[in-house]
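Chains as they are written, first to last, in the numbering used here: chain A, 1 to 180; chain B, 1 to 295.
In case anyone wonders, no lab produced these hints; they're calculated from the structure.
All figures in this text were calculated on a predicted structure; none of them were measured in a lab.
Just so you know, even glycine gets a beta-carbon here, dropped at the ideal spot from N, CA and C.
One thing to keep in mind: the hints can contain errors.
[Claimed, not checked] In silico DSSO-like cross-links for lysine-lysine, where the CA-CA straight-line distance does not exceed 30 Å:
id, chain 1, residue 1, chain 2, residue 2
1, A, K158, B, K118
2, B, K118, B, K292
3, B, K115, B, K295
4, B, K284, B, K295
5, A, K5, B, K284
6, A, K5, B, K50
7, B, K104, B, K295
8, B, K50, B, K101
9, B, K292, A, K5
10, B, K118, B, K101
11, B, K118, B, K295
12, B, K115, A, K5
13, B, K292, B, K141
14, A, K153, B, K169
[What the hints assert, rightly or not] Partial selection, computed: residues in chain A whose CB lies under 7 Å from chain B:
id, residue
15, P21
16, R22
17, L24
18, L29
19, Q42
20, E46
21, Y49
22, V50
23, R110
24, L113
25, L120
26, R123
27, Y132
28, C147
[Stated by the list, open to error] A few chain B positions that, by computed beta-carbon distances, are all more than 10 Å from chain A:
id, residue
29, Q181
30, T234
31, S274
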Amino acid sequence: MGGRKQARDAQFQSFFIGRWPRLLRTAFLLTGEQHAAEDLVQTTFEQVYVAWSRVASADDPDTYVRRVMINAHARRHRRRLKEFLAPRSDSPLVPELPDGGDRIAQADDRGALLKALSQLPPRQREAVVLRYWEDLSEGQAAEAMGCSVGAVKSNAAKGIAKLRALPGLAETVTQGGRTR
Amino acid sequence: MSPERETDHGMAHDDAVPQGIALLLADAADAVEIGTAPYQAVVRGGRRRKTRRWAVTAVAAVVIAGSTGTLALSGVMDGDGDRGSSAATRPYTAEERHVYKPRKTTVGTGREQGKDWKVTVDVWGAPRNEAEADRQYAAMKRTYKVAEVVLNRGSTVPAAPDQSDWIGKSRLYVRLTVGDQASSVVEEAFAEGGVPSGGDPKTYTTPLFDPIALTTGSGKLSDRQLVVGKVDPTAQQVRVTWSDGTTTEINRDEHDTGDQDPRTPRLLDAEGSSMSWFVVLAPKGLSHDSTKVMK
């Protein structure tokens, strides 16, 4: 019994450590703030831990985890919890970067994108992040968001359209990003 | 990104837009600092949640009484589990995913009026393409003999699988066998991979022998009512209350040695389902009133 529990915990630990970097990045795009992102991923994995025996035996545990995280993100919005997505003077989102034209341009892009994302409604933001950062298909994104494929299409299209409309982002968006 | 993915973006503008966004998102995501994964904190939080859940779980049971048809529920409660380990890296075959042969778990047995009865939970893995879906449908027809019973009990026309709805969905059937007659009393479809279970318990009732016995006549029950329930897997005890106010407690056997009478109702896990199940026969002349998770 104890051995089984140990094995279960070890399996969970391995899974958690392996997924932490990727999910933290996704959470960062959703929340726009380091601590909020860490908190979101931590909350997600607490729930995953509770249901670990089920998750581990699932066909695709990552699908489950993504769904939990999107739900947790949506819940925070419903509860009107504070989010820090928009770059603010007391919450520097863009880390200090070495000098250099490209790097500065990159930092500008980051700040502009995060600010633009912050102005999207949560569902549009989720659709854009899942489709174009997580690289999920529309069906997979729909599963993660708990909505129809049509809703994902609509939210992603609206989100992209709004991002394109923002001055400063339109050029990089339509040109496929800056050259790095 | 695959060409297929590109075409299903459904965007009104050019493909460069998503591509550009993808690059910008990747760049922005790089800005986050990846520290050490807080494993201990997560485990502590998880344990707190587990304790809290056990303490306060309450059930709003949904009762569907005297059903004569398959109860089709588009569910999102169950996880599809066929992998032994999340660390597995090679893709699993359709056979390993139980696409053509369901995982079957007996969740209740008994004997009534000289006939043995049995309830099983069959979980079919999600087909991933049309070929798998077609083959699964054929396998279901073979396994359950009569397609109408499986897909839409009471229907005379078997419902051909709608590919858009069939692919990517696992299917769960609760099968009631009385003597040599079997039928499906519950059908659910749920997305491959499943989603969190978490407190959406349901109770189903059906006459044991005659589908219409409980719904016709002068109100006198001529049949025994069978209650099939599914609850959160963390539930340890469920109380079923009958129409006269009496109750039956159903417990989970944490240390089942196999010596227990298999006819004793108990909470059991079913392979491929993320919920726990129980089956209990209503006392003679009584019907199900409510279900509540006690702990």
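Of all the hints numbered above, which does this structure not satisfy? Sort the numbers upward. Result: hints 1, 3, 5, 8, 12, 13, 16, 25, 26, 28, 30, 31 break, sorted rising.
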